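If you read the sequences in order, they're chains A and B.
If you number the first sequence the way the numbering used here does, the last residue is 600 and the count never jumps.
If you number the second sequence the way the numbering used here does, the last residue is 229 and the count never jumps.
To be clear, the hints were calculated from the coordinates, so they are not data collected in a lab.
Some hints here could point you the wrong way.
Chain B is faced by these chain A residues, among others (derived, beta-carbon under 8 Å) [claimed, not checked]:
1. Ser360
2. Arg369
3. Tyr533
Keep in mind the model is a prediction, meaning the values are calculated, not measured.
Quick reminder that beta carbons are idealized off the backbone N, C-alpha and C, glycines included.
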Amino acid sequence: MQDDKIKKLEERFEARIAADEKIEPRDWMPEKYRKTHIRQMSQHAHSEIVGMLPEGNWISRAPSLRRKVALLAKVQDEAGHGLYLYSACETLGISREELFEQLHTGKAKYSSIFNYPTLTWADMGAIGWLVDGAAIINQVPLCSTSYGPYARAMVRVCKEESFHQRQGFEIMMTLANGSPEQKEMAQDALNRWWWPSLMMLGPTDAESVHTAQSMKWKLKRKTNDELRQQFIDQTVPQADLLGLTIPDPELKWNEERGHYDFGPIDWDEFWQVVKGHGPCNKERLGARVKAWEEGQWVRDAAVAYAEKQSNERSLKREETVIQSKAS
Amino acid sequence: MSKNWPLFEVFVRSKNGLEHRHCGSLHAADATMALQNARDVYTRRSEGVSIWVVESKNITASNPEHSEEFFEPAADKIYRHPTFYDLPDEVKHM
Ligand SMILES: [Fe+2]
Ligand SMILES: [Fe+2]
């Protein structure tokens, strides 16, 4: 009886999504839909937040004021993206505290790419160009995902991402057209960020466990391999324009497929990083937890101040009442 | 000991002449801080000329499970629409 009812609700739910209707926070939804969305949206939010760390590292060392304000604005945008996504996530009934708890205890994942170090200024160029570039490819299809708050957050995020990629490409271009040492710096950054950027688009379709269900819910509109191919196809000509070499000897245009062929990806490395053994996993999480803990007194002070203000306001109201009674 | 900041809903008027529109939510210690945070989170590129914030707990929402009985009565009142009335084509400007 109960099962029957749920089955009917589920059927109606799936039909709504198939008809491109959006699901809103208080609508009935299968528990699995809620859980999957909390997982994906929070991972996404955590990635935006942790993603600030490798770049924040370079704000104070940007080579010019122009670069500094741009990088600062980009990192601030990423904080904003994290906040849009956390608030979208909270509409599914999980609290911000729980979400932070999951991040800080390592229970929740964030994008593997942010566990690589940023060794030179050229890394700011490579990250903007490649990492934000790959993120855009991932995110654009999500603007039409089935969960309303997620789709709306993604529309805002995507509008803001294009400046991130352009500022990165401009950094790469300046370095690539600079002195031989500068060009070499740009090449070195490309060498180090290329493969992690390809991995960032997720495991191959054969190993991706959630793909079928996610496709149905429009949480995914293209498979990881399709997204990866799209990324490679659009990035190779950009690297040519920069006069830089993509570190893949097997990279070659395939006339028949209409796509670039590329060499094997080191998935062992990917899984190592995902499991916490990347070069910077500990450092990133440590920095995040430290920032949160050291900000505690600020948050407490803000609450104390807000309470004081509110007490003073009600005191004033009482005084006014007493005065008007007396007169 | 530490208290969590309450949740606020944010509404932004993108330009005069348009209504305030819900654009998301955020946490803040009080309404004043919520306004400042809303400015930083939702209007970094001049997306607004006015912001409202309201504590989420103060919003009463209709229940989607009762949508049918709540909204359906409007569906059969077709006489509320201009097309319900039969008028000859010669009548202009109506
Ligand atoms: Fe972002
Ligand atoms: Fe970005």
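Interface hint for A/Ser360, Cβ within 8 Å of any Cβ on chain B: Result: holds, 4 Å to nearest chain B Cβ.
Chain B contact restraint on A/Tyr533 - CB to CB distance below 8 Å: Given a least distance of 35 Å, the restraint on A/Tyr533 is violated.
Restraint outcome when A/Arg369 is required to lie within 8 Å of chain B by C-beta distance: holds (6 Å)
Checked against the numbered hints given earlier, the structure breaks only hint 3 and satisfies all the rest.
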